[in-house]
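> Sequence:
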Amino acid sequence: MRMDVPLSRAVPEGAQIMLFEAKAYPQLDARTLVDGYTGFVQTARETLAQEGFANPKSLEQLHKTVEAALSIVWSRYTQANTATLLEGEAAKSPTRDCDTSSYDMMGILSGAGVKTRLVVVPDHMFIKVMLPDLGAPGSAQSFYIETLRDRDGPLFTCYESEARMRERYPLVYGEYEFSPQLPTLYLQRGIAFLKDGQSALAEADFDQAIARLPGFADAYYNRGLVRTAHGAPGLGAQDYETVVRLLAGAGDTRLGESAYYNLGTARLNMQQLEKTIAAYTAAIGIGERLE
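162 is the number that this note's numbering gives to position 162 of the sequence shown; each next residue is one higher, with no gaps.
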């Protein structure tokens with residue numbers, strides 16, 4: 001794979017993100033990724049402009065712009081998944097899930113004059129769409145769009161306020177501008193390295209994700225996987241315990257369930273039977289409540 005594509009301002013940030021992640025996928029060509037993303041985003045931006053959806057000046061116009069962008073992303077998502085399945089490359093190519101669709105939406109909307117932020121929560125991410133203050137008190141608005149994987153394709157959900165969003169996601173790690181330095185990118189690339197058996201590179205990326213977002217439970221969890229698998233159950237247990245502590249305000253989550261289960265396995269390897277039982281019991285309890 002050629003990695004000599006310059007990371008300049010001329011390259012859309014979404015393409016820079018793809019270049020970043022491509023380091024974990026040696027079978028993919030960097031120029032192809034950049035050209036594909038850049039062409040897609042540019043075409044989408046032109047489509048929005050031609051249909052009168054650029055630079056919305058009201059909440060109603062903003063909703064229409066976002067709906068048009070969602071339609072474009074939906075089409076790309078389903079086409080990409082179909083092609084991937086037909087080529088038998090599902091296990092080798094980056095997936096079009098909540099992360100990629102969020103990056104697509106942010107890239108398209110930024111070109112249409114819409115400000116966005118990436119919202120990161122445990123085991124998930126989505127975008128915040130913001131409307132500039134129109135001058136009247138309280139005129140600034142924001143809402144949230146998330147993508148969930150459904151068996152028939154992506155499923156988009158809208159939360160019309162922060163209060164409604166936090167009913168669903170009480171723990172929010174943070175909100176971020178579109179940037180190749182997102183902590184989520186280090187997490188995702190680390191997971192790709194881990195799946196490819198490159199544990200040292202994976203752990204280094206998880207370290208970077210934690211450095212950029214110290215409360216990033218997902219990164220601690222995955223670093224715990226690396227450490228436990230490579231003969232350091234004590235360090236792995238410390239990471240899993242950190243996950244449990246960080247998720248204390250999130251309610252029951254699948255990430256918390258898995259952290260307790262893996263903590264129990266690490267404690268078992270260390271012959272700490274009472275702590276093993278306590279961790280497994282906690283995992284079982286969360287699993288039952290989530291059913």
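Derived by calculation from the structure, the hints in this document are not laboratory data.
Predicted model, so just to flag it, every value in this text is computed and none were measured.
Cβ atoms here follow ideal geometry from the backbone N, Cα and C, with glycine treated the same way.
Some hints could be false.
Said to hold, decoys possible - Derived BS3-like pairs: lysine-lysine, alpha-carbon spacing no greater than 30 Å straight-line:
#, residue 1, residue 2
1, 115, 64
2, 128, 115
3, 23, 64
As the list claims (entries may be wrong) - Have a look at the derived ranges for each label pair, beta carbon to beta carbon:
#, residue 1, residue 2, range
4, 181, 27, 24 to 30 Å
5, 71, 273, 51 to 57 Å
6, 179, 288, 36 to 42 Å
7, 179, 36, 17 to 23 Å
8, 170, 39, 35 to 41 Å
9, 199, 278, 27 to 33 Å
10, 23, 64, 24 to 30 Å
11, 175, 64, 19 to 25 Å
12, 46, 198, 37 to 43 Å
13, 198, 170, 32 to 38 Å
> Checking each numbered hint in turn, tell me which of them this model violates, lowest number first.
As far as the earlier hints go, 3 and 10 are violated by this structure, in ascending order.
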